[in-house]
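Given the coordinates of chain E, assemble chain V onto it according to the supplied hints.
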Amino acid sequence: MSDEDLIKDYIERLRVELVRLGVKDAEEVLLEIRGHLMERRAGDGLTSALDALGPPEAYAASFAGRSGRQGSRRRLSVLFARLAVLCTSALLFLISVILIALDLADPGRVGFWVSSIDTTFYLGRYSGDDPSVNDVLGGFFLPIALGAALLTAALIFHQGKACIRTQQG
Amino acid sequence: MAKREPQQLGIEKWQVQLRKGAAELAVLGAVSHGPSYGLAILESISRAGPIDISEGAIYPLLKRLESDGKLASRWVEDEGASHPRKYYALTQKGRQALKAMRSEWLAFHEAMMILLDGSQTGGADVG
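The listed protein sequences correspond, in order, to chains E and V.
Here the first sequence is numbered in numbering that gives the first Met the number 0, starting from 0 and rising by one per residue.
Here the second sequence is numbered in numbering that gives the first Met the number 0, starting from 0 and rising by one per residue.
Just chain V, with the same shape it has in the complex:
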């Protein structure tokens, strides 16, 4: 059976909202592995799976996280790069926020799986 595109299934808007909701957690998670800059953060999130934070969204989000005190930044002149890069790292507040958000996410995931396991084994269809 051919895979249907989200637009055909009518879930495109839902996907967008889902990814928007997860964006902050995804960025904090990506930075938790070590200081990183905008493009590298985008690439590591993209490699992880279908989370897809757009290039347009990443920098305002990083700026907001920095203003909120969850990230700290510094400019680095990387070897081989023609321009300085702004590296972001988690602050203590960011680590605490990540820990709390991770717990919430796992609890949310567990609850959804309980609900979805029932639908997979064939609940009653109406209409």
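The shape of chain E in the complex, shown without the other chains:
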């Protein structure tokens, strides 16, 4: 087999093994390895170069991991998870802020109201006069709402930064 045929054969076998990498990444690797082998051939080092690379099946495995398509898929699922946490935190933050605003505007009427007769409960402003419905949190409602707002704000900030980092890869 001529040197050209040896290189061509190696590259074609490597191409088959690199299919998991994705088309663009695989083509770049193949072009780079082909160039390397051609330069080594010019210096009479083709045989030792091929020996050093090893069988294409094993060599392709050394490119697997967090690069290429595998890395992209993993980053996407991490990004979606972070976005889900971010959106949930934003919603809870909004609810906390609304409850705090309502409590400040109309103190004593905003809280976590539970009926002692049935399992009905209300979170927010209760303007009824049913004596069986009581605010179970009482004076603790505002501090709890403030704490929830701060916690969700911190989560939004943290997850927002993490989303940007994940996006940048």
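Simulated from the structure, these hints should not be mistaken for laboratory data.
Treat the hints with care, as some may be off.
Computed Cβ-Cβ distance ranges for the label pairs, DEER-style [what the hints assert, rightly or not]:
1) V:LYS92 to E:PHE139: 25 to 33 angstroms
2) V:ASP116 to E:ILE163: 44 to 52 angstroms
3) E:ASP2 to V:LEU105: 42 to 50 angstroms
4) V:GLU109 to E:ASP8: 48 to 56 angstroms
5) V:GLU11 to E:ILE163: 44 to 52 angstroms
6) V:SER45 to E:ARG33: 18 to 26 angstroms
7) V:SER81 to E:GLU26: 12 to 20 angstroms
Residues from chain E that face chain V, not an exhaustive set, calculated with beta carbons under 10 angstroms [unchecked claim]:
8) GLU38
9) SER76
10) ALA80
11) ASP128
12) ASP129
Here a beta-carbon is modelled for each residue, glycine too, at the ideal position from N, C-alpha and C.
Showing chain V alone in chain E's frame:
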């Protein structure tokens, strides 16, 4: 006294691990001198001393460093070359990583020399 081969001294595996650990730093260091391509990076590392990154290891390592954002690459049609070459250069992140790794390496080297200086002046042998 004839120099003994690593296999005779039983340190071959240790040498392999040592070189694996230093490979990333060696590559970043080599590229810090200017954009370079795979074979040239290997040659400059080999010229520096017994660091020996194999031809099989260099391209996956370069790809990983590029995926990590420490290296950026571009294809160049060099004059006289029959094929395009993929040149790698340090990114800002790569420069920062190199600086941090260099500091760690120097601190490690200093600590080892303190330990080894004691063994050179003849510490007690056991067995």
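Original post:
Which hints, by number, does the structure contradict?
Top reply: 1, 9, 10, 11 and 12
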